[in-house]
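Generate coordinates for the entire structure from the input sequences, incorporating the hints supplied.
Chains R and B are the protein sequences, given in the same order.
For reference, each letter of the first sequence is one residue, going 3 to 426 in this note's numbering.
For reference, each letter of the second sequence is one residue, going 3 to 426 in this note's numbering.
It should be emphasised that the hints constitute simulated quantities derived from the structure, not laboratory data.
Keep in mind that a hint or two might mislead.
Any copy will do: because identical chains look the same in the list, a pair fits if it lies in one copy or spans two.
Below 20 Å or equal to it, Euclidean Cα-Cα: the simulated SDA-like pairs (lysine to any residue) are [claimed, not checked]:
1. K252 <-> R8
2. K252 <-> D100
3. K252 <-> A277
4. K252 <-> R425
5. K358 <-> E118
6. K358 <-> R419
7. K191 <-> E7
8. K191 <-> R213
9. K358 <-> V105
10. K358 <-> T70
Number of protein chains: 2
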Amino acid sequence: MGGAERELHGLMQAIGQAARAAAASLAVMTPQQKDAGLLAAAKALRASAPTILAANALDLQDAVHRGTSGSFLDRLRLDGARLEAVAQAVEDIAVLPDPVGRVLAHWTQPNGLMFERVATPLGVIGVIFESRPNVTADAGALCLKSGNAAILRAGSESFRSASAIADAMRTGLQQAGIPGDAIQLVPSKDRAAVGMMLQGLDQNIDVIVPRGGRSLVERVQAEARVPVFAHLEGLCHIYIDRAADLAMAKAIVLNAKLRRTGVCGAAETLLIDRACLASHAQPLVAMLIGVGCEVRGDPAIAALDPRVVPAVEQDWHTEYLDAIISVAVVDGLDGALAHIARYSSHHTDAVITDDKATAERFLREVDSAIVLHNASTQFADGGEFGFGAEIGIATGRMHARGPVGVEQLTSFNYRVRGTGQIRP
Amino acid sequence: MGGAERELHGLMQAIGQAARAAAASLAVMTPQQKDAGLLAAAKALRASAPTILAANALDLQDAVHRGTSGSFLDRLRLDGARLEAVAQAVEDIAVLPDPVGRVLAHWTQPNGLMFERVATPLGVIGVIFESRPNVTADAGALCLKSGNAAILRAGSESFRSASAIADAMRTGLQQAGIPGDAIQLVPSKDRAAVGMMLQGLDQNIDVIVPRGGRSLVERVQAEARVPVFAHLEGLCHIYIDRAADLAMAKAIVLNAKLRRTGVCGAAETLLIDRACLASHAQPLVAMLIGVGCEVRGDPAIAALDPRVVPAVEQDWHTEYLDAIISVAVVDGLDGALAHIARYSSHHTDAVITDDKATAERFLREVDSAIVLHNASTQFADGGEFGFGAEIGIATGRMHARGPVGVEQLTSFNYRVRGTGQIRP
Numbered sequence: 003m004g005g006a007e008r009e010l011h012g013l014m015q016a017i018g019q020a021a022r023a024a025a026a027s028l029a030v031m032t033p034q035q036k037d038a039g040l041l042a043a044a045k046a047l048r049a050s051a052p053t054i055l056a057a058n059a060l061d062l063q064d065a066v067h068r069g070t071s072g073s074f075l076d077r078l079r080l081d082g083a084r085l086e087a088v089a090q091a092v093e094d095i096a097v098l099p100d101p102v103g104r105v106l107a108h109w110t111q112p113n114g115l116m117f118e119r120v121a122t123p124l125g126v127i128g129v130i131f132e133s134r135p136n137v138t139a140d141a142g143a144l145c146l147k148s149g150n151a152a153i154l155r156a157g158s159e160s161f162r163s164a165s166a167i168a169d170a171m172r173t174g175l176q177q178a179g180i181p182g183d184a185i186q187l188v189p190s191k192d193r194a195a196v197g198m199m200l201q202g203l204d205q206n207i208d209v210i211v212p213r214g215g216r217s218l219v220e221r222v223q224a225e226a227r228v229p230v231f232a233h234l235e236g237l238c239h240i241y242i243d244r245a246a247d248l249a250m251a252k253a254i255v256l257n258a259k260l261r262r263t264g265v266c267g268a269a270e271t272l273l274i275d276r277a278c279l280a281s282h283a284q285p286l287v288a289m290l291i292g293v294g295c296e297v298r299g300d301p302a303i304a305a306l307d308p309r310v311v312p313a314v315e316q317d318w319h320t321e322y323l324d325a326i327i328s329v330a331v332v333d334g335l336d337g338a339l340a341h342i343a344r345y346s347s348h349h350t351d352a353v354i355t356d357d358k359a360t361a362e363r364f365l366r367e368v369d370s371a372i373v374l375h376n377a378s379t380q381f382a383d384g385g386e387f388g389f390g391a392e393i394g395i396a397t398g399r400m401h402a403r404g405p406v407g408v409e410q411l412t413s414f415n416y417r418v419r420g421t422g423q424i425r426p
Numbered sequence: 003m004g005g006a007e008r009e010l011h012g013l014m015q016a017i018g019q020a021a022r023a024a025a026a027s028l029a030v031m032t033p034q035q036k037d038a039g040l041l042a043a044a045k046a047l048r049a050s051a052p053t054i055l056a057a058n059a060l061d062l063q064d065a066v067h068r069g070t071s072g073s074f075l076d077r078l079r080l081d082g083a084r085l086e087a088v089a090q091a092v093e094d095i096a097v098l099p100d101p102v103g104r105v106l107a108h109w110t111q112p113n114g115l116m117f118e119r120v121a122t123p124l125g126v127i128g129v130i131f132e133s134r135p136n137v138t139a140d141a142g143a144l145c146l147k148s149g150n151a152a153i154l155r156a157g158s159e160s161f162r163s164a165s166a167i168a169d170a171m172r173t174g175l176q177q178a179g180i181p182g183d184a185i186q187l188v189p190s191k192d193r194a195a196v197g198m199m200l201q202g203l204d205q206n207i208d209v210i211v212p213r214g215g216r217s218l219v220e221r222v223q224a225e226a227r228v229p230v231f232a233h234l235e236g237l238c239h240i241y242i243d244r245a246a247d248l249a250m251a252k253a254i255v256l257n258a259k260l261r262r263t264g265v266c267g268a269a270e271t272l273l274i275d276r277a278c279l280a281s282h283a284q285p286l287v288a289m290l291i292g293v294g295c296e297v298r299g300d301p302a303i304a305a306l307d308p309r310v311v312p313a314v315e316q317d318w319h320t321e322y323l324d325a326i327i328s329v330a331v332v333d334g335l336d337g338a339l340a341h342i343a344r345y346s347s348h349h350t351d352a353v354i355t356d357d358k359a360t361a362e363r364f365l366r367e368v369d370s371a372i373v374l375h376n377a378s379t380q381f382a383d384g385g386e387f388g389f390g391a392e393i394g395i396a397t398g399r400m401h402a403r404g405p406v407g408v409e410q411l412t413s414f415n416y417r418v419r420g421t422g423q424i425r426p
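Right, here's the structure in full:
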């Protein structure tokens with residue numbers, strides 16, 4: 003280890019220890035204390051608006067000098083209205099029900115022992131994000147609400163903005179009597195800091211949440227020695243069954259593909275039951291092409307319309323995140339299930355049908371975090387689930403799956419009340 | 003990679019793929035199918051008794067030749083009665099409620115979308131164990147009941163016994179129409195196979211459960227690239243509060259320390275409130291020494307009785323698993339909480355008090371998988387929790403915590419039913 007790396011290592015270890023200490027104190031706080039802290043943080047964000055916007059202007063200036071693209075700049079940019087929305091989001095999180103202390107189950111054994119399974123914080127959550135500076139506030143607030151300390155690592159592009167936001171929030175927290183170390187931003191842009199976080203900072207990080215593009219998530223999943231809440235991609239399917247209402251199918255496909263093409267819940271592949279090829283496939287394909295969506299189809303679909311681009315094997319594996327959709331004809335529900343089992347990213351898949359038995363089998367047999375019947379895949383979002391806010395969507399099967407809101411940021415323990423019971 | 007290692011690698015990859023395929027078929031089986039498989043496996047265990055006992059005799063013979071100790075031989079030994087108990091345990095697991103398909107939560111959003119959170123299998127569970135051959139049947143049955151495929155790796159000492167048990171169970175499963183690959187035993191004694199399992203067999207193992215001594219668990223926790231359900235140790239504390247009923251305290255301490263000293267729920271450290279040093283400490287210490295338990299005490303405890311061994315710092319860190327207990331005087335509940343926060347293994351800790359407020363604070367503030375009020379720490383057991391059986395006890399905060407029974411071997415997904423909803 004060189005001198006600079008040793009210094010960074012010491013810094014990161016200290017951050018981990020401070021987070022663990024803050025987590026111990028957060029774990030026993032009342033809901034009122036945490037909520038007061040969040041409201042104070044929101045207030046401090048508003049009070050620090052000039053500082054935050056000035057820092058953001060410098061980040062933007064650098065990005066422009068680097069020749070960064072328009073959508074990137076847009077993700078990075080803050081203004082008065084956006085900063086107000088950031089503060090408002092923190093207040094929205096404050097008014098959610100407290101996820102800690104919920105009694106998840108309770109029962110009494112024949113010997114009189116009374117068991118409770120009670121939600122507790124997870125501990126310390128590491129969040130690694132890229133360009134959106136608002137993640138600092140969102141993720142920090144979600145962690146605090148769930149009684150967890152947060153270690154946030156911003157991308158170098160949004161580093162000044164994220165630092166100014168974190169500073170404001172810490173000031174607010176401290177004014178409300180909450181340790182500022184509840185929300186720490188890694189003060190170094192060195193990429194080695196990410197590697198150290200992925201190793202868990204000497205068991206002082208309990209879970210990592212990456213917020214960013216595919217290459218970030220891939221690195222995190224490959225290197226992390228601690229659990230990760232993430233999804234690599236959302237390769238979402240819609241299966242149009244022979245018993246689908248055509249008007250509903252058209253409305254849902256249009257929404258699922260094109261409402262926003264860049265979100266993980268956007269549909270990427272349409273599967274059409276061979277039994278309704280004549281009645282449903284042609285109008286669906288015509289509709290999509292008509293609104294400017296490229297259709298890449300298998301031979302049966304390509305035969306319907308000369309504007310269809312022939313699909314190749316890679317298309318079934320591709321999350322386009324664009325106005326492109328792959329379309330395959332399948333042999334009924336079994337064909338759809340087989341296609342999804344082979345290509346799905348286990349994120350979100352939907353069936354459109356008026357046949358209840360088909361719908362129930364699809365819901366039961368598709369092994370994805372979210373499965374929908376007669377609804378758009380773009381509902382794959384914690385807000386739409388009623389979770390208030392989400393820190394991300396997970397496709398792993400452990401602990402959290404689907405949208406990760408404040409409830410999913412908790413663990414639990416067993417509290418057992420006796421009257422002197424001993425074990426025979 | 004040498005030739006032998008390459009061959010083993012190919013074998014282990016094939017085991018992983020076969021397990022994943024079996025898991026996909028288990029995931030959609032009815033409870034009746036799985037239960038019929040378990041009953042057939044139990045029947046096959048009984049029918050194969052001569053083969054299993056002959057295999058066990060060879061394992062025992064080798065162990066004796068190696069000069070292995072009495073308690074090890076006892077863990078390894080099977081006889082007719084023990085094998086009947088193994089078969090009975092599989093039948094007991096068959097009659098548990100099915101953990102898959104439970105509706106864990108359900109709600110409707112204002113737009114009419116109906117959400118369900120439903121329990122699903124985890125996938126493929128790797129179980130690495132040492133000398134007890136019955137783990138093959140227990141773990142295999144728990145995984146199958148929860149819809150998971152199991153990859154079992156037996157220690158070389160119990161390899162023949164475990165193989166015979168696994169063969170019998172696979173025969174039973176296949177007779178009931180369940181893929182035999184639902185329960186696979188690694189057919190190699192090469193320790194490199196364990197390393198490959200810890201890497202996850204190309205994402206074909208979802209979680210690892212180590213069943214064995216500390217060195218096994220340490221290796222698994224250090225090397226595993228997949229989640230682990232385990233506890234390294236059970237350094238369990240009992241805090242005797244000033245408001246403790248002395249008779250109850252004596253009965254619970256006696257049971258918690260000495261009912262069985264070798265289990266993870268055995269008490270290792272007794273904390274006594276300074277306010278009841280005179281009334282409670284002396285009789286508790288005298289009782290323990292009187293029944294042959296070594297007491298290692300801090301200066302205040304050592305001053306009570308010349309037979310007390312002075313404790314050193316290492317004692318507060320030690321899980322004795324023997325008739326030895328460390329005893330410290332603490333300044334009330336705050337002192338007990340501080341001691342436990344510093345030394346606990348986050349497994350199981352208990353408070354003895356008649357003061358409800360003290361008990362509630364202890365239950366709320368001690369960050370352990372199991373916290374008890376007025377009951378013995380030896381209740382730390384899935385059977386005593388009413389879980390029917392457990393595959394182990396976990397002290398991590400992710401997914402499973404405390405006893406890991408069939409419910410904890412499940413994940414979940416979201417099933418959403420709509421009537422054509424699209425996202426605005």
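Hints versus structure:
1. K252 <-> R8: neither (59 Å within a copy, 52 Å between copies)
2. K252 <-> D100: neither (40 Å within a copy, 39 Å between copies)
3. K252 <-> A277: within (17 Å within a copy, 75 Å between copies)
4. K252 <-> R425: For K252 and R425, only the inter-copy Cα distance (14 Å) is at most 20 Å; the intra-copy one is 63 Å.
5. K358 <-> E118: Answer is between: at 16 Å across copies they meet the 20 Å cutoff, but 38 Å inside does not.
6. K358 <-> R419: This pair counts as between: shortest inter-copy Cα distance 10 Å, intra-copy 46 Å.
7. K191 <-> E7: within (12 Å within a copy, 42 Å between copies)
8. K191 <-> R213: within (16 Å within a copy, 42 Å between copies)
9. K358 <-> V105: between (35 Å within a copy, 18 Å between copies)
10. K358 <-> T70: Neither: 50 Å inside a copy, 62 Å across copies.
In the structure shown, a violation is registered for the earlier hints numbered 1, 2, 10, in ascending order.
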